[in-house]
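Student: Now for the letters of each chain:
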Amino acid sequence: MINFRYARADNVADALRLANADPTAKFVAGGTNLIDLMKMDVERPTKIIDINRLPLNQIERTPRGGLRIGALVRNTDLAYHPLVEQLYPVLASAIMAGASQQLRNMASAGGNLLQRTRCAYFYDSVTPCNKREPGSGCSAVYGHNRMHAILGASDACIAVHPSDMCVALAILEAKIHVSGASADRVIDFTDFHRLPGNSPQRDTNLNPGEMITAVELPPRGFSKRYTYLKIRDRASYAFALVSVAAGLELDGTVIADGRFALGGVAHKPWRDPQAEAALRGRPANAETFARAAGILLRDAKAYEGNRFKIDLARRCVVRALTQAAHGTPQVQSSKNIM
Amino acid sequence: MSSNLVDAEASPDLVQLTLTINGARHTLKLDPRTTLLDLLREHLDLTGTKKGCDQGQCGACTVLIEGRRINSCLAFAVMYDGAEIVTIEGLARDGTLHPLQQAFIDHDAFQCGYCTPGQICSAVGLLAEGRARIAEEIRELMSGNICRCGAYTNIVAAIEQVMVQS
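Which chain is which? The protein sequence lines are Y and A, in order.
So that you can map any letter, position 39 of the first sequence is 42 in this note's numbering, and since no number is skipped, the others follow by simple counting.
So that you can map any letter, position 119 of the second sequence is 730 in this note's numbering, and since no number is skipped, the others follow by simple counting.
Since the hints were made in silico from the structure, they are not lab data.
Model, not experiment: these values are computed from the prediction.
Virtual Cβ for every residue (Gly too), placed ideally from N, Cα, C.
Careful: at least some of the hints might be erroneous.
What the hints assert, rightly or not - Residues of chain A placed beyond 10 angstroms of chain Y at every Cβ, according to the derived structure:
no. : residue
1   : 633
2   : 654
3   : 706
4   : 717
To be verified - If you want the footprint, here are the derived chain Y segments under chain A, 3+ residues with CB under 8 angstroms:
no. : stretch
5   : 4-15
6   : 35-47
7   : 103-117
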């Protein structure tokens with residue numbers, strides 16, 4: 004780890020000022036990803052700005068009937084908050100599907116959005132990686148790519164975003180509140196993370212020096228019919244091969260509205276308006292779900308090690324939408340997939 | 612600028628902080644790169660907390676900060692200035708083992724013992740959270756602690772015993 008200077012801010016303005024004064028500075032909240040990457044010499048900040056004292060750890064109702072989650076709310080506190088459990092159980096479930104309780108106790112809501120990929124080549128500083136070192140090449144395209152993307156990848160990068168929480172935030176259509184030196188702004192969740200294209204070094208559309216201050220959830224929470232289904236190599240504490248967040252609203256046996264997103268398959272949580280449109284007005288059955296899954300995966304492209312993911316993703320979508328329709332969400336402590 | 616702003620620019624190498632560890636107050640000057648784990652083991656000779664993977668994947672370094680279990684390997688000590696920390700060395704009271712320590716002995720919940728301090732601190736955190744009611748939930752919420760000897764069955768039994776008692 005390179006040497007760095009440590010600074011601590013106790014209000015947002017201080018933190019932004021410190022960040023603007025030093026373009027290689029990084030904010031630290033939980034530190035669960037940043038410190039790991041610093042040990043591996045992948046992240047090399049010359050200054051660390053500790054934002055843990057900022058007053059961004061509240062969960063509040065919004066006037067519009069939603070919820071505003073401060074960026075520093077720890078993952079455990081978010082998942083266990085009574086309003087989240089009651090109104091947005093898909094978010095609580097997705098959080099509990101990720102990491103370990105120790106890490107969830109440390110990790111912040113804002114930091115979860117800013118997690119970097121777990122691609123082994125990104126972590127291994129002696130191999131080429133366009134995300135770590137732009138222009139050096141992608142080792143994963145012809146390398147070990149079992150965990151990698153099947154959607155939205157480019158020749159420059161086939162890494163996936165590792166978050167579970169973000170897959171739920173995608174279907175909840177969260178809004179990301181951001182503060183910068185010159186202005187505050189709100190970013191729709193779908194526009195927050197980027198596809199790799201030719202600049203995989205940029206994971207998100209945050210500008211340099213900007214900070215996430217809150218995650219806002221609109222009122223619709225799909226609290227009756229939802230699930231978060233995660234498939235991984237071991238039964239707990241592993242990144243997703245494929246995961247699905249799903250929420251449905253039914254009118255009798257017909258789907259009034261539905262949303263679903265895939266995790267573990269792309270550089271960002273993967274949603275498709277056309278696939279969701281194929282749910283509306285249709286009977287909530289396996290045939291409808293399979294058709295929607297087919298649309299979602301119509302442009303899927305596999306690599307040598309991850310061909311299984313296309314079929315796995317299709318089946319997971321059908322299973323997740325079935326769980327949601329039946330009102331029987333996956334229980335994260337249960338290792339039986341219902 | 613607020614008065615509480617700490618900026619190490621004035622002294623780029625060392626940062627001063629105060630921690631309460633197992634009830635004892637420590638005022639320290641540290642290289643900001645020092646993890647809480649290395650502080651405990653290398654500076655304070657509290658070697659009960661173990662370094663396994665040093666990447667947050669094994670749980671051997673689990674300690675309690677303000678009563679919550681965390682991975683001390685992924686924590687810069689300076690970030691926890693003012694915090695109260697409990698390690699495996701701080702669980703026994705007046706020569707009497709913590710109920711979980713006793714239960715781990717009763718159930719033979721270890722073989723080599725390297726993961727055990729982390730397992731026990733994690734289990735203390737688990738009981739404080741009050742979220743696990745059945746063995747399945749204990750297993751899920753203890754999944755951040757790896758035991759390569761494979762003592763999991765007995766670890767779950769030990770935790771269940773204390774859960775029933777409390």
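Student: All the hints need checking, so say for each whether the structure fits it.
Tutor: Hint check:
no.	hint	result
1	633	19 angstroms, holds
2	654	17 angstroms, holds
3	706	29 angstroms, holds
4	717	24 angstroms, holds
5	4-15	holds (count 10)
6	35-47	holds (count 4)
7	103-117	holds (count 6)
Hint compliance for this structure: no hint is broken.
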